[in-house]
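K.L.:
What follows is the residue order along each chain.
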Amino acid sequence: MFSFCAEPKTLEGVTWLACYLTTGKHIAFYGSFITVMVLIAITAPVALLFGFGGATAARSTIAPLRWFGKGYTAIVRGIPDIAFFLFFVIALDQAFEFLRHKVLCPEWTDPIRQGNDFVVCSAAKLPLSSSPQWVHETYGFFLAVLTFAIVFGAFAANVLYGGMRAVPRGQLETAEAYGMSRRQTFWRILVPQMWVYALPGLSNLWMILIKATPLLFLLGVEDIVYWARELGGSKTQVFSYPHGDWRLYYFLGLLVFYLALTKVSEVALAKLMARLTKGQATMGGEAQRKAVAS
Amino acid sequence: MNACLQTIADYSFRSIGFGERLLPKTDFTLCQQFTLIGSGMLWNIYFGLIALIAGFFLATAIAVAKNSNSYWVRKPAEWFIFLFRGSPLFIQFFLAYETFVLLPKVGVDINLGFTEITAETRWLTKAWLGAAIVLFLNTAAYSGEIFYGALKSVPKGDVEAADAYGLSGWPRFKRIIWPTMLRLAWPAYTNEAIFLFHATTLVFFSGFPAWQQRGDALYYANYFADKTFNPFVPYPILGFYFIILTLCVIGVYGLINKRLNRHLPENQRQRIKVRPQIIR
Chain A
216 MFSFCAEPKT LEGVTWLACY LTTGKHIAFY GSFITVMVLI AITAPVALLF
266 GFGGATAARS TIAPLRWFGK GYTAIVRGIP DIAFFLFFVI ALDQAFEFLR
316 HKVLCPEWTD PIRQGNDFVV CSAAKLPLSS SPQWVHETYG FFLAVLTFAI
366 VFGAFAANVL YGGMRAVPRG QLETAEAYGM SRRQTFWRIL VPQMWVYALP
416 GLSNLWMILI KATPLLFLLG VEDIVYWARE LGGSKTQVFS YPHGDWRLYY
466 FLGLLVFYLA LTKVSEVALA KLMARLTKGQ ATMGGEAQRK AVAS
Chain B
790 MNACLQTIAD YSFRSIGFGE RLLPKTDFTL CQQFTLIGSG MLWNIYFGLI
840 ALIAGFFLAT AIAVAKNSNS YWVRKPAEWF IFLFRGSPLF IQFFLAYETF
890 VLLPKVGVDI NLGFTEITAE TRWLTKAWLG AAIVLFLNTA AYSGEIFYGA
940 LKSVPKGDVE AADAYGLSGW PRFKRIIWPT MLRLAWPAYT NEAIFLFHAT
990 TLVFFSGFPA WQQRGDALYY ANYFADKTFN PFVPYPILGF YFIILTLCVI
1040 GVYGLINKRL NRHLPENQRQ RIKVRPQIIR
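Here the protein sequences line up with chains A and B, keeping their order.
With this note's numbering applied, the first sequence corresponds to residues 216 to 509, in that order.
With this note's numbering applied, the second sequence corresponds to residues 790 to 1069, in that order.
Chain A on its own, in the form it takes in the complex (with noise of 0.2 Å):
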């Protein structure tokens, strides 16, 4: 980085750490922070339109439907969380593997589940044996942003069910003797009003998101707790950078980049929740107006 970097074992102090602290594994150590904040800002949306997804199959009229959409809501309910990670991943590339392989290889007969092995053609691969390193690491990063989405998509669909069922039952039927039909009174009366009763639920899951990052590292994905361990390590003189076992700070560091991204969050949610609140019949909004007029 530093032109005075060019010697490592000469230089001491602020020097060193300097230049310590700007190698290129910590620039990438760096660059997994964004890879944290990609993985949030891409899982959140999607797994709030899975939610959306599974909380109105849910209420469906269609029984098959909605036993999809109560099965989808109840997982989460009695397993841990990180099984449905672990195995998500491993289930999901499976399950592009033998989709693709049906598709690709029509004339193979051998079966896929040969004992302990899980055989397709090469074709079929996910990604190909011969793509490049990074197309290997983005098709693992797409795995793991798909597992996120998939359980945090059933929390969502918990929350915005929850959202549904608490707009007062008499707008529906307001809307009804109106003559609106269901799928009016839907779009029109009940998705416009649940948001602010699904948003405690939903800024809950939101810090739960944040929480749940640091799992990346389970689903292979080189991200702060792989560098965190990488670096922190102890490095004997054969590197060039020698020093001890200082993962702990590493790990302390972590532990302050989660602790001011939950209050941050924290704050900002605040906020967002007493715009929403504001002018609204509820008691929120009733302290608010009080709060104002004294």
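None of these hints come from the bench; they were simulated from the model.
As the structure is a computational prediction, the values presented were derived from the model and not from experiment.
There may be inaccurate statements among the hints.
Stated by the list, open to error - Okay, derived cross-link-like pairs now, SDA-like style, lysine to any residue, Cα gap no bigger than 20 Å in a straight line: (1) K894(B) x W917(B); (2) K941(B) x A502(A); (3) K450(A) x L463(A); (4) K894(B) x W461(A); (5) K478(A) x P865(B); (6) K963(B) x A950(B); (7) K814(B) x T796(B); (8) K1016(B) x L463(A); (9) K317(A) x A950(B); (10) K478(A) x P415(A); (11) K340(A) x I1032(B); (12) K285(A) x I1032(B); (13) K915(B) x L463(A); (14) K478(A) x K864(B).
Given the coordinates of chain A, assemble chain B onto it according to the supplied hints.
P.N.:
Leaving out everything else, chain B in the frame of chain A:
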């Protein structure tokens, strides 16, 4: 059938070091997967119970401290709750493990009356103590916040009535405030207990090594999924065990809830509703 009984005899206590030493390597049967994953559940139950029982008392203390008027009592409680609720449990495990590894290796003799044991700091790097401590502190913070919320909503009239009866200080807390606080907090606390049990699955994936392959249920489920490359068998088995465990937790907490609510008319009792919105 007999082979399965043999497997159960060999592996049902494998996770705590009894029975067959080597894990199955090839030709995994359904019976082996059920037995070993079930054996791992012993760890999940152990961690959950230890953390819940010990955490309950610390949580009460923290809730009272956070409700205190004194700045020097309130602030530490607030910081404690913020520290453990604001950061991922996963990071807390890593951090605790790295801290425990760096501690000087010393032993302290503890006289138990009938025998003398040496408590050593290196025990802290083992999951059975180190991870239990992290889970204990973590659940204390989460439950502390729940109890604090309940403490805030204890009806004013109850406290005034206690004053009128001449109760104050410790007797007033013990006989009036504390039971009401528990009653109000209980549905939320049930959820906390359920998700604490779920959180115990993180232990062996976060720094703490599984010594001699003695791991928890998820550790074995992951082992089978890695070896067979088939996630569709071990993870549903794990899910099956956890659903049973969750139902047991709801059952036990429901009984306590009933007792806490027994003086109330039927229509004022609080029902326990599972609201799966808490992961760490």
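K.L.:
Flag every earlier hint the structure violates by its number, smallest first.
P.N.:
Hints 8, 9, 11 not satisfied by this model.
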